Amino acid sequence: SQTIHQWPATLVQPVGSPLSLECTVEGTSNPNLYWYRQAAGRGLQLLFYSVGIGQISSEVPQNLSASRPQDRQFILSSKKLLLSDSGFYLCAWSVNQETQYFGPGTRLLVL
Amino acid sequence: GESVGLHLPTLSVQEGDNSIINCAYSNSASDYFIWYKQESGKGPQFIIDIRSNMDKRQGQRVTVLLNKTVKHLSLQIAATQPGDSAVYFCAEIDSGGGADGLTFGKGTHLIIQP
Chain A
72 SQTIHQWPAT LVQPVGSPLS LECTVEGTSN PNLYWYRQAA GRGLQLLFYS
122 VGIGQISSEV PQNLSASRPQ DRQFILSSKK LLLSDSGFYL CAWSVNQETQ
172 YFGPGTRLLV L
Chain B
25 GESVGLHLPT LSVQEGDNSI INCAYSNSAS DYFIWYKQES GKGPQFIIDI
75 RSNMDKRQGQ RVTVLLNKTV KHLSLQIAAT QPGDSAVYFC AEIDSGGGAD
125 GLTFGKGTHL IIQP
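Which chain is which? The protein sequence lines are A and B, in order.
Taking this note's numbering, I'd label the letters of the first sequence as residues 72 to 182.
Taking this note's numbering, I'd label the letters of the second sequence as residues 25 to 138.
Each hint should be verified, as a subset may be incorrect.
What the hints assert, rightly or not - Computed list of chain B residues with no C-beta within reach of chain A, every gap over 10 Å:
1) S76
2) G83
3) K92
4) P138
To be verified - Cβ pair distances, simulated, as ranges:
5) A/S100 with B/G120: 17 to 27 Å
6) B/Q38 with A/S136: 43 to 53 Å
7) A/P89 with B/R85: 41 to 51 Å
It is worth saying that the hints were derived from the structure and are not from the lab.
Please read all numbers here as calculations on a predicted model, not as lab measurements.
Even glycine gets a Cβ: it sits at the ideal position worked out from N, Cα and C.
Next comes chain A alone, as it looks inside the complex (with noise of 0.2 Å):
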């Protein structure tokens, strides 16, 4: 069976640090991957998506970027983090670009 992992569960940085957030993918080839952002009491915004390895699209501009080193893992970063960037960080993964399937997120906060 499929599983997804996200580390780490909960984070807290100040203000100006970079930041890595690890999502892993298995039993599955091939998957489309998704970075989602969740503010408090709030719907899920796209932040980028991948279709493959080196392959990112990106939804919002925004002070985040993203990466796919291997088939299987998606990594969101950012070189200097904002007050803004504090929030719920949600990977999913597809293989048929319908249903989604998330992981267990990371809570982000930024002092």
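Starting from the structure of chain A, add chain B where the hints point.
Only chain B this time, still in chain A's reference frame:
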């Protein structure tokens, strides 16, 4: 772009009662719909899906209804339990569209009262 929205941000029901969560969508090309459940501090969990060639689909204690004429989707939960307390999101997709995937609604917070 077009988006999916929900009628009510919060729904409070008595334990044991049935719950109905509503969703409106605007993209007439959408042909696949999903309901997700998100408990506090966790990622959304797939509940049930429905394709546009159907108007009803049933799962365990849940039923999804699709009315394409008025672009309306609903999730019915029978005999709600405390564990049903969560935020419920509807999502839609045009399967012929790009890989950017699902469009999510803002969510409805379902509160179960004892």
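Hint by hint, here is what the structure shows:
no.: 1; hint: S76; in the structure: holds (12 Å)
no.: 2; hint: G83; in the structure: holds (14 Å)
no.: 3; hint: K92; in the structure: holds (17 Å)
no.: 4; hint: P138; in the structure: holds (23 Å)
no.: 5; hint: A/S100 with B/G120: 17 to 27 Å; in the structure: holds (24 Å)
no.: 6; hint: B/Q38 with A/S136: 43 to 53 Å; in the structure: holds (47 Å)
no.: 7; hint: A/P89 with B/R85: 41 to 51 Å; in the structure: holds (45 Å)
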